[in-house]
Amino acid sequence: MSFPWAQQYKPTTEFGQWMDDRLPVGRLIYNSLGAGYPTPRNLNYMWNFGSLAGLFLVIQIVTGIILAMHYAANANIAFDSVEHIMRDVNSGWMIRYAHANGASFFFIAIYLHIGRGLYYGSYKAPREMIWLLGVVIYLLAMATAFMGYVLPWGQMSFWGAKVITGLFEAIPLVGKPIQELLLGGFAPDNAALNRFFSLHYLLPFVIAGVIIMHIWALHIPGSNNPTGVSVKGKQDTVPFHPFYTAKDGWFVGLALIFFTAMLFFMPNALGHADNYIPANPLSTPAHIVPEWYFWPWYAILRAFTFDFFFVPAKLLGVLAMFSAILVWFFLPWLDRSPVRSGDYRPRFKKFFWFGLVPCIVILGICGGAPAEEPYVMLSQLASAYYFAHFLIVLPLLSRIEKPAPLPNSITEAVIGKPLQQAS
Amino acid sequence: MVRFFGILIGLFFAGMMVYSFGRGAVEYVSNPPVKAVEYQFHEKPKEVSFASDGPFGKFDNQQLQRGFQVYKEVCAACHGLRLVAFRNLSDLGYSEDEVKAIAANWPIETPDIDPNTGEASTRPSIPADKFPKPFANNVAAAAANNNAIPPDLSLITKARGGGAPYIYSLLTGYAEVPAKLPEANRPGSGLHYNPYFANLNIAMAPPITADGQVTYSDETEATLSQMAEDVSAFLIWTAEPSLIKQKQTGWAVLAFLLIATILAFLSYKSIWADVKSEKKKKDA
Amino acid sequence: MASIDTAVESGDPAVSEPEIGGVRRRDFINIAAVSFAGVGVVATVFPLVNQMNPSADVLALSSIEVDISGIESGQAIKTSWRKQPIFIRNLTAPEIEAANKVDISGLRDPETLADRTQPGKENWLITLGVCTHLGCVPLGAAQGEVKGEYDGYFCPCHGSHYDTAGRTRKGPAPTNLEVPEYSFLSDTVVKIG
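Protein chains in written order, with this note's numbering: chain A, 1279 to 1701; chain C, 5 to 288; chain S, -17 to 175.
To be clear, the hints were calculated from the coordinates, so they are not data collected in a lab. Heads up, a few of these hints could be off.
Said to hold, decoys possible - Heads up, simulated PhoX-like pairs for lysine-lysine below, C-alpha to C-alpha not over 25 Å straight-line:
#1 273(C) / 1512(A)
#2 1628(A) / 1510(A)
#3 65(S) / 104(C)
#4 152(S) / 129(S)
#5 129(S) / 134(C)
#6 134(C) / 65(S)
#7 1510(A) / 280(C)
Because the structure is a prediction, the values reported are computed rather than measured.
The whole structure should be built from the sequences, with the hints applied where relevant.
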């Protein structure tokens, strides 16, 4: 253990002792989520979204396995099998709406979780691996969500699949063959639907596996905290259980209130009306947009309207879209400021709140809007800032910024008084 | 090294974006985009409320039955309801025998196979059957309807952005062609002007044309807007038969979660009380 | 430093809370919160399991109406009910007689033909076409099929013989062919289920 003061697991029963000598599951839980895991005492509510995302992943897996009991991955009957779930299966509507809205809530949690990492510098040493694994989880989640959206085989499913796989077509020379390989045909059809179903079922378990590594990596240095100052001793931490289990617990209740309000009273608010029309390869909906959690990336994709010498705009858009996410993989090495928390970085804070956040919001709005002015121009400006923020502002900022004085320790920040220099 | 290349890539992408923005902006100013004609004449769905609206809404079964009657007498000849089964009609308050009679007497029979010859044939429907489709397939539907396929109505209120108010508006929205409408946007042969329809010209002829077109059995006056409202309400039900159950379940779940969350919050407060009180003590 | 140490130590309930005796308020709240969470989980599990029960469209077909006007005396038809075969047999007078002659005290599953048919309709033998041994479909309903030693049904899987009342007479079948719940809606229409 990296914390010498962590409480030690002591089996309380004879059976517990017996198990501990053979398969120490109890010890594992105790040391990772229980009293044996010292956690900074000053975490704010932004630290709640990791466990929340985990909860929604569980909800997705449970409801998804159930839906798969009734869903039929065949282009002829997929749409009707979903309606069968909605109309005839006992509580089927509840399970399907939980799954549909659960995806959105998973992404809400994940975005706030990522945003917290960006602001508080949770990607910096010694937590680079946690961050990298997190980006992998996010990429897998996007792939899973995209393929899941294809399964109902409505108009948006079909045209979403067509447009997204069409992105691969932009790759020079091998684009077309890759697209055909992905689809198992020339346009989305039964082959594509079946493989998307298979992978949609598989990937969440891969995500769960990467999450285990993500948490494993987290337990080496322990959690970051709002000051960004490393834990110095026992006085800086509290045991994860009961302190953070209680905090996570009530926050989960709060999140579930929002989730169920959505599920039971406005279940289709985040969906598209067109997806209640069965897929029709001969007629495109007037306005194709992905689900809201893809909007910022979709806006970047569409922002490229001009060729760059011999590079066509379409390829540029695809490159930019992928780069926009891939840049996160380099973030720990782009931002070299030794100070983690944005609270103590006066300039970074301004760029974050007045640059990056509004830029992502604008990209989101533009991505969901039709491809017309002024949205295209706005998304071009926002995309420019997006790339500038990660690739130009952050690397240069760490050189010129003068950080605010850091507290000597977490405890000092909490108590609000400088500590007497200890004996 | 990472930062060096990062800055180069960043400059490239940001530069491309600013360049694109510049060219787009010049284009926008010098050659401002013209709103399509559809936008000038298109109208938003009318404000109309239904008994099932809102978190406490309930279906008005009388209205749903009237709406079903309108569907049966006006819409059913062209528009299917393929995801709804006759047995579902018992939700509207019909008895088992009434449902059986409705199914058996439905003007379109359910396709089947002749048990003796194996040829395709039809038979009267039973409650377990879905509403039979008015056309065997899309080709037949298009051929019979001037190349426009009448959409299935099972999910129509969920499959159109405007929902039930859109259906209501469409049914009551047929109008004279405005004099200012450009020639290119005027309805061609077999089309009808309707400002609520996306491209203004809809293939469906006005289905409800006169008051009293349907004779209601419950004394409600069958005005044009009443019929349109009733059938729209009916189509809310066909699209989401469990709508009311969803809301009722929702309230129970929310009430439970609220209490559970308050308890969990108090529990959290009590567990943290000592850590927090230490902070206060220090502050004092 | 020492003061901080005690501060945090007292944050640990195990160490800090003096045992005053009796149920303390905060314990009660913790128990109530955890109990509520438990109830919530159980309540959530119910629909998650209940979804596996037969869905509404399956239940809608749990009762069917069969037109029996075309079945001549001595003939039988095989129809499907709840995805299982149903035998509807119009018994001839000799078959009825043969069934009634049997001394039921010697049968493995003693039932008279009257027990297995409806009063006034003794010629209509309606049974599940599912062998009570291991669920195969017995032969004998269609014309030309083997009817077994007792002229009723014969199950080829393990050699069970049924008589003209569908009763098990020979072979491993432990009980008679099951008679489903049914009623005559009219002389020619029977409702099964």
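A quick look at each hint next to the structure:
1. 273(C) / 1512(A): 22 Å, holds
2. 1628(A) / 1510(A): 29 Å, violated
3. 65(S) / 104(C): 22 Å, holds
4. 152(S) / 129(S): 13 Å, holds
5. 129(S) / 134(C): 39 Å, violated
6. 134(C) / 65(S): 19 Å, holds
7. 1510(A) / 280(C): Holds, because 20 Å separates the two Cα atoms, which is no more than 25 Å.
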